[in-house]
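Number of protein chains: 2
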Amino acid sequence: TSSLRNSVRYRQFLLSSASNYTVASYLRSLTLHPHLAGTEPSSETVRYVESHFRDLGFETHSIRYDALLSYPKYASLTARLPNGSVVQIPLSENVEGVVNPYHAYSPSGTAYGVAVFVNYGRDEDYRTLAAMGVTVAGCIAVARKGEFPRSVVVAKAEANGVKGVLLYTDSDGYRQGFERGTVMRGIGDPLSPGWAAIDGAERLNLNDSEVLRKFPKIPSMPLSAEAAEIILSSLDTASVPPEWRDTTVKLGTAAVGPGGPTYLNFTYQAEKKIATIHNVLAVIKGLEEPDRFVIMGNHRDAWSFGAVDPNSGTAALLDIARRFSLLRKLGWSPRRTLLLCSWDAEEFGMIGSTEWVEQNIVNLGTKAVAYLNVDCAVQGPGFFSGATPQLDDLLHEVTAQVEDPDVKGATVYDTWTATNGIGNIERLGALNSDFAAFVQHAGVPSIDVYYGRDFPVYHTAFDTYDWMASYGDPLFHRHAAVGSIWGLLALRLADDLILPFSYVSYANQLQAYRDILNDILDGSVSLQSLSTSIHEFKSAAEEIEKEAKRLREQETFTAVALFQTRALNDRLMLAERGFLDVDGLRGHTWFKHLVYGPSSDYESALAYFPGIADAISESMKMNQSEGQGVIQHEIWRVVRAITRAAAALKGELS
Amino acid sequence: TSSLRNSVRYRQFLLSSASNYTVASYLRSLTLHPHLAGTEPSSETVRYVESHFRDLGFETHSIRYDALLSYPKYASLTARLPNGSVVQIPLSENVEGVVNPYHAYSPSGTAYGVAVFVNYGRDEDYRTLAAMGVTVAGCIAVARKGEFPRSVVVAKAEANGVKGVLLYTDSDGYRQGFERGTVMRGIGDPLSPGWAAIDGAERLNLNDSEVLRKFPKIPSMPLSAEAAEIILSSLDTASVPPEWRDTTVKLGTAAVGPGGPTYLNFTYQAEKKIATIHNVLAVIKGLEEPDRFVIMGNHRDAWSFGAVDPNSGTAALLDIARRFSLLRKLGWSPRRTLLLCSWDAEEFGMIGSTEWVEQNIVNLGTKAVAYLNVDCAVQGPGFFSGATPQLDDLLHEVTAQVEDPDVKGATVYDTWTATNGIGNIERLGALNSDFAAFVQHAGVPSIDVYYGRDFPVYHTAFDTYDWMASYGDPLFHRHAAVGSIWGLLALRLADDLILPFSYVSYANQLQAYRDILNDILDGSVSLQSLSTSIHEFKSAAEEIEKEAKRLREQETFTAVALFQTRALNDRLMLAERGFLDVDGLRGHTWFKHLVYGPSSDYESALAYFPGIADAISESMKMNQSEGQGVIQHEIWRVVRAITRAAAALKGELS
Ligand SMILES: [Ca+2]
Ligand SMILES: [Ca+2]
Ligand SMILES: [Zn+2]
Ligand SMILES: [Zn+2]
Ligand SMILES: [Zn+2]
Ligand SMILES: [Zn+2]
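Quick note, the sequences are listed as chains A and B, same order. The opening position of the first sequence corresponds to residue 7 in our numbering, with each subsequent residue numbered one higher. The opening position of the second sequence corresponds to residue 7 in our numbering, with each subsequent residue numbered one higher.
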């Protein structure tokens with residue numbers, strides 16, 4: 007039923023049934039009202055997605071969790087400028103129905119102190135300030151949003167004795183926009199670490215030390231560029247480094263006036279509460295292998311209207327559901343089970359997807375083939391993607407079959423690879439969308455795709471349908487293209503007789519990581535065992551590709567041959583689990599993946615092997631031999647992870 | 007090829023090809039010399055087993071590890087009796103080639119002090135002594151071996167300030183025999199916790215704190231009953247409780263004489279060293295499902311000649327190999343892969359099997375169907391067994407097909423169940439044979455079978471072929487019966503189209519545990535969530551049994567039907583993994599199983615739910631609400647484990 011010839015036909019039909027018109031109408035419906043997680047308007051989007059799936063004839067589930075969310079109750083910020091005038095700084099965009107700007111999980115508090123510009127709030131920025139003779143302890147930091155998470159900015163400020171943090175985002179347009187966001191450390195419901203926040207489940211106490219360490223101790227807020235400028239333009243920043251000046255906000259340069267420095271009085275009142283959230287799932291049962299899962303996911307909750315973030319992705323998901331229902335009318339059933347998932351409360355820390363992964367950990371750990379994430383499907387022009395490396399080749403193949411929405415006659419692949427001949431694929435070690443729990447906790451091979459990046463209305467009240475229709479994707483062709491890519495990835499993974507995974511690509515990536523690590527360590531610690539393990543992994547990868555080739559060419563479908571195919575696919579599926587370590591990353595043991603995951607040191611030169619990255623940072627504070635010992639031990643853990651992945655690829659007991 | 011009819015024929019042939027003659031000859035060959043792990047004579051047994059497997063035509067592997075073992079260099083013990091005489095206490099059985107009596111991993115040391123009889127060395131024994139006004143701190147304890155591990159006896163002595171421990175075993179015969187044994191805490195190579203001690207692997211330093219906590223800090227030794235009597239008969243034990251008097255060693259009763267109490271001078275010199283050990287494996291590849299593993303295992307290393315422990319089991323394993331090779335000549339190939347494993351260094355702490363489980367954790371975790379252990383196959387009359395509960399029914403079925411070796415016309419099942427109508431099956435939470443890593447670290451459903459128990463030559467130099475031929479199993483019929491049971495269990499698990507697992511039995515067992523826990527807690531902590539999770543697990547168990555019945559009756563063998571069978575079997579196989587918790591037991595996190603595993607409190611009334619057992623003990627030292635909180639949290643962890651197992655049985659994502 008899913009023979010090669012039919013599969014090709016279904017794929018062609020999937021592509022030809024793309025529709026920018028329907029995807030636009032879904033987006034309009036989803037973005038009529040702001041729909042922050044845990045609020046009433048959010049339930050409307052649950053019902054909308056649910057009935058869309060149901061009306062198309064899919065088995066549909068709504069899964070409820072009760073998670074600790076955080077909302078603003080009150081905020082005020084006044085500045086006493088050097089000239090003596092007192093200014094009330096605006097803390098709202100004044101858009102009806104949109105939650106006031108805030109940082110979710112910021113504590114309530116009042117802070118009074120001198121305003122200091124701390125650039126991105128990195129360690130090196132505080133070192134620069136110290137060298138300039140600026141004391142930040144007791145002050146209120148004004149920082150601009152850089153590459154690393156808000157929670158880290160606040161934590162570093164806290165560590166430097168800062169009393170409150172105001173975080174603005176550089177932007178040329180939309181200078182009244184405030185970038186909301188979470189400052190929680192880690193992901194998932196903070197009261198149920200490691201297990202699902204289902205009805206009646208255990209919940210940690212709010213003052214449990216494991217809970218408290220997830221939240222900052224000082225209050226923080228987002229600022230608009232406009233609001234930040236009121237403060238920063240009043241400061242004496244004559245002596246800050248030139249790099250600090252490439253901000254879109256005007257910095258003051260006059261020496262501090264007769265009134266002295268600028269004093270800020272900042273108050274924030276938060277409400278933490280257990281709120282109800284819902285994931286919505288559509289299930290298309292696999293015909294031959296219903297117990298193998300290909301999972302597509304996108305979050306539904308938004309800080310405001312969510313036209314870009316995340317409902318451009320939701321619209322694409324709903325359109326794929328529509329296309330899949332047409333395929334079913336043509337007689338298609340996937341070989342493996344397909345799930346279309348609409349997650350809730352991503353903005354608070356990937357809560358909906360994380361709780362679901364925790365709830366299903368045994369079945370996902372042994373039966374999930376891949377997770378395909380789309381968050382902001384369209385932010386602007388240009389294709390971007392992230393993946394665990396065994397899926398690189400598939401991304402190339404699939405993008406070569408989809409027309410570029412902006413360049414006539416070219417495929418997405420052509421345009422994507424035009425600049426440097428290869429498609430740049432990010433890795434999935436960050437905590438910035440719903441793939442995090444799948445990759446970093448469950449070891450499920452994953453992909454993330456999107457169009458455009460760095461859009462100006464990010465997390466503001468101005469992320470509306472109108473913005474999308476005016477700037478992001480006026481013709482909705484990019485939405486259609488993301489849908490085609492996402493749908494085709496899912497079809498390939500659900501229908502291919504042999505899973506379209508290449509671990510040689512993974513081996514090469516690991517080898518490249520080893521080489522960079524080698525440069526960083528500069529011979530101070532041996533990488534012999536790491537090289538050996540990568541070599542072993544690569545051999546296993548090459549061997550299984552040969553086996554896969556033989557099986558693809560095989561024509562017989564005896565019971566023995568069917569089981570051979572299944573066994574090979576299981577090895578391909580399970581190899582990623584080998585990278586998980588049961589003990590997890592030191593200091594944040596929930597994260598089990600030793601190649602991709604969050605390091606504590608966000609400024610590390612290593613963007614992978616997070617345990618090694620942290621060991622290198624820690625080693626700086628130790629004597630040489632102790633430091634090398636800590637690094638060596640973390641390298642050993644990675645060596646064993648790679649060896650486990652190789653063993654899973656080989657599939658045999660030694 | 008392995009259709010139902012043929013399977014029955016193969017099973018009948020397996021039974022009819024039993025041979026007490028061959029099994030006796032294997033035992034004689036294996037027990038010609040003492041073969042302590044890591045010593046040269048031990049390599050001879052490696053070669054013997056290896057060539058046996060090879061000669062039968064099986065794919066055979068020898069797998070090497072380098073593990074930290076421990077050997078005695080010197081020991082002496084002198085007593086100054088109350089009458090003033092000084093006696094050299096014999097510390098050897100004087101049998102050529104047998105290692106001198108010792109406790110593996112006891113530290114070297116000299117202790118001088120008053121001898122005190124501490125009964126079994128339990129907490130309650132020390133409390134009794136304290137109530138009698140006896141100070142044990144600074145003394146040398148003479149203890150008799152009770153139910154709990156040597157390492158615990160020594161640890162409790164250490165905690166009470168004792169300077170050295172002499173441990174004898176009650177016995178009516180063989181009163182010159184010394185019971186050797188290990189005093190390591192935990193299992194596996196102490197230098198590679200969590201990973202395999204393969205060539206070139208990371209090894210912790212001997213003074214790493216994680217290594218040090220595995221070893222006692224005070225020296226200890228086994229004593230023969232004869233040697234113990236020299237000391238104990240000299241002591242004033244007039245006031246010890248009557249229960250302490252049911253020892254086979256004569257206790258002194260006269261008040262301490264003119265010379266005062268008995269003083270002991272005890273010296274022990276140990277050598278810890280990294281030694282080479284070998285597991286030997288024979289692999290019989292499955293025809294349809296080569297990637298599903300049924301594993302039979304027995305250890306090969308012995309403290310002395312090992313006729314009972316463990317080579318009665320090795321002889322049975324070799325005889326099963328012989329029988330399987332005959333089956334192969336009849337055309338048999340198992341449906342699933344069968345492994346026959348001969349483990350090394352079990353006596354030091356299940357080291358060979360544990361290292362292998364650590365090495366193969368990813369493949370075992372996802373693909374091992376069951377582990378079938380036999381340690382001392384024959385210790386005397388009477389059938390005994392242990393199992394994870396989903397295998398209870400299979401044990402009943404299989405024993406009903408094997409003739410009782412001692413009772414004509416009866417089956418093993420008949421005799422086994424004659425006393426109380428049911429066959430008593432132990433559970434596998436202890437650390438006393440090679441199933442420990444399989445069950446408690448990897449969550450593999452397991453069985454352990456043996457004939458007889460409590461044999462007098464246990465771990466002594468007198469565990470010889472002659473003892474077996476004279477007392478243990480003169481006709482070797484019990485060996486043949488164990489072989490038949492073990493082989494038939496393996497055949498059923500390897501060949502049955504639907505795995506012969508019953509989780510209803512597991513659910514009932516959990517329910518019984520809940521009821522006992524309820525009695526212990528007496529309403530102080532709610533068990534509502536535990537009851538709910540067991541109920542959910544039981545429903546899932548009943549549902550899958552219905553599904554299994556339908557599939558067994560189904561006659562078609564389409565691709566879809568084949569995959570249905572595989573999917574059902576996978577659910578049955580993986581449900582046990584649900585009981586694993588990634589964080590493991592507090593204080594010994596390597597142990598991941600929350601139903602069966604070692605509790606720190608060996609005197610707990612709970613012989614399962616080790617985390618709850620420990621929480622109950624700890625709660626004694628806390629105020630009421632704090633104590634209840636700790637217990638409640640451990641109950642929650644068990645609830646989630648049972649819920650995970652239920653989810654694995656259901657096999658669907660929620
Ligand atoms: Ca949770
Ligand atoms: Ca080890
Ligand atoms: Zn988003
Ligand atoms: Zn967002
Ligand atoms: Zn044994
Ligand atoms: Zn033993």
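Keep in mind that the hints were calculated from the coordinates and are not lab data. Where hints are given, some of them may not hold.
[Said to hold, decoys possible] Stretches of chain A that chain B covers, calculated by requiring three or more beta carbons in the stretch to come under 8 Å of a beta carbon on chain B:
| # | region |
| --- | --- |
| 1 | 45–55 |
| 2 | 364–370 |
| 3 | 444–455 |
| 4 | 561–568 |
| 5 | 651–658 |
No experiment lies behind these values; they were computed from the predicted model shown. Backbone N, C-alpha and C fix where the C-beta goes; we use that ideal spot for every residue, glycine too.
Hint check:
Check on the region 45–55 of chain A: 0 of its residues sit with their Cβ under 8 Å from a Cβ of chain B, so the three-residue criterion for coverage is violated. Residues of the region 364–370 of chain A lying with their CB closer than 8 Å to a CB of chain B number 6, which satisfies the three-residue condition for coverage. Given as covered by chain B, the region 444–455 of chain A fails the check, having 0 residues with a CB less than 8 Å from a CB of that chain where 3 are the minimum. Coverage of a stretch by a chain is defined here by at least three residues with a beta carbon nearer than 8 Å to that chain's beta carbons; for the region 561–568 of chain A and chain B the count is 4, and the condition holds.
As drawn, the region 651–658 of chain A meets chain B at 5 residues by the rule of a beta-carbon pair under 8 Å; at three or more, the given contact holds.
Of the numbered hints listed earlier, those contradicted by the structure are 1, 3.
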